[in-house]
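Protein sequence lines, in the order shown, are assigned to chains A and B.
Heads up: the first sequence runs through residues 1 to 366, numbered per the working numbering.
Heads up: the second sequence runs through residues 1 to 306, numbered per the working numbering.
Read the hints as simulated data drawn from the structure, not as lab findings.
Some hints could be false.
What the hints assert, rightly or not - Simulated DEER-style distance windows between Cβ atoms:
hint, chain 1, residue 1, chain 2, residue 2, range
1, A, D199, B, L11, 46 to 56 angstroms
2, B, R165, A, K250, 41 to 51 angstroms
3, B, D178, A, K148, 26 to 36 angstroms
Said to hold, decoys possible - Computed list of lysine-lysine pairs in BS3-like fashion (alpha-carbon distance at most 25 angstroms, straight line):
hint, chain 1, residue 1, chain 2, residue 2
4, B, K186, A, K11
5, B, K239, B, K186
6, A, K148, A, K250
7, B, K186, A, K8
8, B, K162, B, K239
9, B, K186, A, K361
Built from N, CA and C at the ideal position, the CB exists for glycine as well.
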Amino acid sequence: MGVHAMLKLEKRPQPSKAFAYLTPLFAVFATMIAGGLLFAALGKNPIEAIRTIFYDPLFGEFAFYYRPQLLVKAAPLILIAIGLSLGFRAGIWNIGAEGQYIMGAIFGAGAGLAFFPTDAWYIFPLMIVAGAFGGWVWAMIPALLKVKFGTNEILVSLMLVYVAEQLLASMSLGLLKNPEGHGFPGSRNLKDYPAAFNDELITGSGMHWGVLTAFLAVIFAYVLLNRHMLGFSIRLTGEAPRAARFAGVKPNRLIVFCLGMSGLLAGLAGMFEVSGPSGQISIDFNTGYGFTAIIVAFLGRLHPVGILLAGLLMALTYIGGEIAQGNLGLPAAAIQLFQGMLLFFLLAVDLLTNYRIRLVKREVAQ
Amino acid sequence: MNFSAIDPALLLASLMVAATPILLAAIGELVVERAGVLNLGVEGMMITGAIFGFAVTVESGSPTVGFLAAAVGGALLSVLFALLTQLALANQVASGLALTLFGLGLSSLMGQGYVGVKPPRTQVLDIPVLSDIPFLGTVLFSHDLLVYFALALVAATWAVLKFSRVGLVLRAVGENHDAAHALGYKVVRIRVLAIMFGGACAGLGGAYISLIRVPQWTEGMTAGAGWIALALVVFASWKPWRVLFGAWLFGGVTVLQLNLQAAGLAIPAEYLSMSPYLITILVLVIMSADRSRAPASLGRIFHASG
Numbered sequence: 001m002g003v004h005a006m007l008k009l010e011k012r013p014q015p016s017k018a019f020a021y022l023t024p025l026f027a028v029f030a031t032m033i034a035g036g037l038l039f040a041a042l043g044k045n046p047i048e049a050i051r052t053i054f055y056d057p058l059f060g061e062f063a064f065y066y067r068p069q070l071l072v073k074a075a076p077l078i079l080i081a082i083g084l085s086l087g088f089r090a091g092i093w094n095i096g097a098e099g100q101y102i103m104g105a106i107f108g109a110g111a112g113l114a115f116f117p118t119d120a121w122y123i124f125p126l127m128i129v130a131g132a133f134g135g136w137v138w139a140m141i142p143a144l145l146k147v148k149f150g151t152n153e154i155l156v157s158l159m160l161v162y163v164a165e166q167l168l169a170s171m172s173l174g175l176l177k178n179p180e181g182h183g184f185p186g187s188r189n190l191k192d193y194p195a196a197f198n199d200e201l202i203t204g205s206g207m208h209w210g211v212l213t214a215f216l217a218v219i220f221a222y223v224l225l226n227r228h229m230l231g232f233s234i235r236l237t238g239e240a241p242r243a244a245r246f247a248g249v250k251p252n253r254l255i256v257f258c259l260g261m262s263g264l265l266a267g268l269a270g271m272f273e274v275s276g277p278s279g280q281i282s283i284d285f286n287t288g289y290g291f292t293a294i295i296v297a298f299l300g301r302l303h304p305v306g307i308l309l310a311g312l313l314m315a316l317t318y319i320g321g322e323i324a325q326g327n328l329g330l331p332a333a334a335i336q337l338f339q340g341m342l343l344f345f346l347l348a349v350d351l352l353t354n355y356r357i358r359l360v361k362r363e364v365a366q
Numbered sequence: 001m002n003f004s005a006i007d008p009a010l011l012l013a014s015l016m017v018a019a020t021p022i023l024l025a026a027i028g029e030l031v032v033e034r035a036g037v038l039n040l041g042v043e044g045m046m047i048t049g050a051i052f053g054f055a056v057t058v059e060s061g062s063p064t065v066g067f068l069a070a071a072v073g074g075a076l077l078s079v080l081f082a083l084l085t086q087l088a089l090a091n092q093v094a095s096g097l098a099l100t101l102f103g104l105g106l107s108s109l110m111g112q113g114y115v116g117v118k119p120p121r122t123q124v125l126d127i128p129v130l131s132d133i134p135f136l137g138t139v140l141f142s143h144d145l146l147v148y149f150a151l152a153l154v155a156a157t158w159a160v161l162k163f164s165r166v167g168l169v170l171r172a173v174g175e176n177h178d179a180a181h182a183l184g185y186k187v188v189r190i191r192v193l194a195i196m197f198g199g200a201c202a203g204l205g206g207a208y209i210s211l212i213r214v215p216q217w218t219e220g221m222t223a224g225a226g227w228i229a230l231a232l233v234v235f236a237s238w239k240p241w242r243v244l245f246g247a248w249l250f251g252g253v254t255v256l257q258l259n260l261q262a263a264g265l266a267i268p269a270e271y272l273s274m275s276p277y278l279i280t281i282l283v284l285v286i287m288s289a290d291r292s293r294a295p296a297s298l299g300r301i302f303h304a305s306g
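For reference, chain A alone in the conformation it holds in the complex (with noise of 0.2 angstroms):
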């Protein structure tokens, strides 16, 4: 007689919860092994690299300067996570928030900048409506397409990222040009606009009005998934697709505000960046917030507070990749292939939530 042992995947009757808040310290903690091998490959001190990422930009020597940085970093994150992961909860993929950001960014810099030398109370409100406004329409597109036409957001949202790219240089070449600037593409900088101007709310503090709506959109994410029948339908489309149907939850309302709300977010936070820390519309305007959002949505394990947190540790990944940029001569694309791995051991990871590994004994006879 012979006894066979081996592995076996079993899934659970419910998603584990202890391992549904374990998991995401443990991907974090495998891209830090996985991410040192990187950096060694690379000829940098791993243990110095790490440290450079992850401590000094809270702890360090310059730490005072840093820690703003964290806010205005996390914010424009925070906010678009915030809605794709309303998204994604109901299996409705934005994949397209990049895009969203551009349009939000241009409507509200354009709207401000219409009204230029004005000084009014009113301008910077309209801007934000206007910012909101550019992102929801731009994921109303998809949206309205998969309604009617049942066409696939993800490819329709993505391709209109390539598009809103083109527009924000036909922007930044034409219409929204700065005619006092030289020559030079880009826009008039928002900066010396006072009225427009994304200012702090406390000095020192980086805390600008889209750290403030960031925060205000957890919570109003938070009181939707868990007061709301909007949330309620939204996370039992995504959990149990079936008793959704016979509930009664209508699939194209979820789809027209799921899309609608993460554009409109993502709207907000191109809005708030260009007339904030970015300052003008300019050709490379966008760094990739909309793509690395999706990151901290799933590092965020699709919760508001989750989120939150999510979304300062990968602003500590950026702060903490650009000084090992300058301090320690780390390549900026290594900071983007960590921020990649973080997703992967996320999702592999995430296994354990939802089965459990068992070892089988079975005898074999001879």
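With chain A held as given, fit chain B onto it using these hints.
Frame of chain A; chain B shown alone:
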């Protein structure tokens, strides 16, 4: 505006060159999707193939070795995706996106030392009599070997899927993986092999862009070609010959808008550059009414519970 400056023979020839990378990637992805797996990482695999192919060609001096390396590179990257989706049972959409982000980062990193470097030229076909025919010679007989390889691949894929047992089993797995498993077919193994095939094709397509179409290395140079390839598969209703037609259509739009820009058409360059992406959306809308033709198990996670 000078339309006469556009030479139709050159236009058609460059159409075929422009179509080849997305054709290669799309055929690979078609096989993967027929097996029931949605791999959104095509863009990541393409750009990884682009840098692998470029780097190896520059280092070894031989484009052939470079293309082989690109195929291997794409396949290796796709193994990561296969591990995630088939072994770790992760969500396919998220995994594909992770692959794309990872591939973009990896290629940027690897490509650091290769910006501005000129690769060795790939040989172009020069058949004594056929290549000299005035119109058809330029259009049909003066291309590099990979263009013909891509066409042969389309034919081979069609034949294998339609007539062979391997193709039948692959399609069965894609339509109903539980039934296929019950019949004793190794679903995971078949899917992993299909994913690797898709990765190799995407890698080849990417290398084509960096070695022949441009030919140079720049960060992010695929510029959404992988996503267009994905759209192509939907547009083609998962049928190989329609993929060819679609690739020609997109190649044609890309090349035409470049030529129109050069001819001085009054529309600003940025709006013309948008056209391939807008046409993709239009085509997706037209074809999406035909959802019934998607492989029934596409995107669903397979876990043998027996």
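That 26 to 36 angstroms hint for D178/B and K148/A (C-beta), does it hold up?
-> Holds: the Cβ-Cβ distance is about 33 angstroms, inside 26 to 36 angstroms.
Decide if the proposed pair is consistent with the structure: K186/B and K11/A, CA atoms, cutoff 25 angstroms inclusive.
-> holds (20 angstroms)
Has the given pair, K148/A with K250/A, been kept, meaning a C-alpha gap of at most 25 angstroms?
-> Holds. K148/A to K250/A sits at ~14 angstroms (cutoff 25 angstroms).
Under the criterion that the straight-line Cα-Cα distance not exceed 25 angstroms, is the pair K162/B, K239/B satisfied?
-> Within the cut-off at roughly 10 angstroms; holds.
Go ahead and decide if the range 46 to 56 angstroms is satisfied by the Cβ distance of D199/A to L11/B.
-> About 53 angstroms separates the Cβ atoms of D199/A and L11/B, which means 46 to 56 angstroms holds.
Distance restraint between K186/B and K361/A, which requires alpha-carbon spacing of 25 angstroms or less = holds (22 angstroms)
Would the pair K239/B and K186/B pass a check requiring their Cα atoms to be no farther apart than 25 angstroms?
-> Judged against 25 angstroms, a Cα distance of about 24 angstroms means the pair holds.
C-beta pair R165/B, K250/A: status relative to the range 41 to 51 angstroms that was hinted = holds (45 angstroms)
Holds or violated: K186/B with K8/A, Cα cutoff 25 angstroms?
-> holds (17 angstroms)
Taken one by one, the earlier hints all hold for this structure without exception.
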